[in-house]
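2 protein chains.
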Amino acid sequence: MELYSYFRSSAAYRVRIALGLKGLDYRVIPVHLLRHGGEQLGDAYLSRNPEGLVPALDEGGRILTQSLAIIEYLDETHGPATLLPADALGRARVRALSLHVACDIHPLNNLRVLRWLSRELKVEQSARDDWYRHWVQLGFQALEAQLQSPGTGLCCHGDAPGMADCCLVPQVYNARRYDVDLSAFPTIARIAAHCESLPAFQAAHPGAQPDAE
Amino acid sequence: MELYSYFRSSAAYRVRIALGLKGLDYRVIPVHLLRHGGEQLGDAYLSRNPEGLVPALDEGGRILTQSLAIIEYLDETHGPATLLPADALGRARVRALSLHVACDIHPLNNLRVLRWLSRELKVEQSARDDWYRHWVQLGFQALEAQLQSPGTGLCCHGDAPGMADCCLVPQVYNARRYDVDLSAFPTIARIAAHCESLPAFQAAHPGAQPDAE
Chain F
1 MELYSYFRSS AAYRVRIALG LKGLDYRVIP VHLLRHGGEQ LGDAYLSRNP EGLVPALDEG
61 GRILTQSLAI IEYLDETHGP ATLLPADALG RARVRALSLH VACDIHPLNN LRVLRWLSRE
121 LKVEQSARDD WYRHWVQLGF QALEAQLQSP GTGLCCHGDA PGMADCCLVP QVYNARRYDV
181 DLSAFPTIAR IAAHCESLPA FQAAHPGAQP DAE
Chain R
1001 MELYSYFRSS AAYRVRIALG LKGLDYRVIP VHLLRHGGEQ LGDAYLSRNP EGLVPALDEG
1061 GRILTQSLAI IEYLDETHGP ATLLPADALG RARVRALSLH VACDIHPLNN LRVLRWLSRE
1121 LKVEQSARDD WYRHWVQLGF QALEAQLQSP GTGLCCHGDA PGMADCCLVP QVYNARRYDV
1181 DLSAFPTIAR IAAHCESLPA FQAAHPGAQP DAE
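One line per chain: the protein sequences are F and R, in this order.
Counting from 1, one number per residue, gives the positions in the first sequence under the numbering used here.
Counting from 1001, one number per residue, gives the positions in the second sequence under the numbering used here.
Be careful, since some hints might not be right.
[Said to hold, decoys possible] Listed next, the in silico DMTMM-like pairs over lysine to aspartate or glutamate satisfying Cα-Cα at most 20 angstroms (straight line):
(1) K1122(R) <-> E120(F)
(2) K122(F) <-> E1120(R)
(3) K1122(R) <-> D130(F)
(4) K1122(R) <-> D129(F)
(5) K22(F) <-> E196(F)
(6) K122(F) <-> D1130(R)
(7) K22(F) <-> E59(F)
(8) K22(F) <-> D159(F)
(9) K1022(R) <-> D1058(R)
(10) K1122(R) <-> E124(F)
(11) K122(F) <-> E1124(R)
(12) K22(F) <-> E2(F)
[As the list claims (entries may be wrong)] Computed footprint of chain R on chain F; a stretch qualifies when at least three of its residues, placed anywhere within it, have a C-beta under 8 angstroms from a C-beta of chain R:
(13) 20–31
(14) 50–58
(15) 69–80
(16) 112–123
Please keep in mind that the hints were generated in silico from the structure rather than gathered at the bench.
Please read these numbers as outputs of a predicted model, since none were measured by experiment.
Every residue gets a Cβ at the ideal spot worked out from N, C-alpha and C, and that includes glycine.
Could you build all of it, start to finish, from the sequences and the hints given here?
As structure tokens, then:
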């Protein structure tokens, strides 16, 4: 398996964690989002993934896109399902927590969006940073509330890491980069700290990638 | 079942289509996103869904959130699965198409985001409309390309409507509201037109809702 990845991409980071949790071997093909006007927008990459976004997973010539779709596919096709719960209500909860990060926090802070704010709307750096922190804080407030349920354990759902943790940890990494104060989100901070102590999360960390800068 | 819904909410619209396609009875509880500073941010609604976003589905007292998680849950628990394909690769494709709309197009054009642009960043109406159309066009270009695959039929995946169509049609509705020229996206336009001829899609349309204005 080959993963088209950028070390700092939050969505690629999610899939790297999932691959590690499933114990799967894979090779990283770095796609540099900043160099040459963005390698993800070059013809070579667009022919694989017309969305021009990382990650994409190549499994035997089949290209899969969208991090959550990739994670669900890996869980369904490689060994027993471990990233999503066995019960439908549990799956709904894990998917909702994952989607909350993937739809309601992360897209607003994506590189292409921040660029549009700067280049097209001439938003100053400080207002752009406020924008970033606003969506993270708003999203984390809701996520912290959602995690005050009996379903939460050492991880987002129970004591074993799953898809929601694959989404949470990269978002926490991003939040720290932008100096978001995590003390207001003790459950999020506790779960992230626990997950970050696990080998699959450590191997997936941006700083551990071949293309890390 | 009770669906907390706003007639124009794209995410609520998705779930209404899915409920219709599954042939499920439900009652709409309108949550007005504009009135009283946004009913979704009032204590009554936040106690049900701390995310402060619609939709939320109440099934026997269990509150489910996030449109795609709700749709997958409905498909898993009510009759035979029809909204997602039987094979893992097909599911990965349908999820990727759905997430492409739900993560990479819609969140940038959400009401709360447009408001932030106007109120906090003082972005003029015309630049705000450009922002809206930009993300729709960029997303639809990629989606149109993704749909040039043998998996596409009358609908996004095969000839029967599924989760990806539940996401596509509301996004097309939004695009039309903002005068996005759909002639550049013939496959998207064709699929949307077909789906819109089906009763489940018609019943879910914003104009057919009890809270329509």
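(request) Please flag the earlier hints that this structure goes against, numbers listed from lowest up. (result) Per hint list: single violation, 13.
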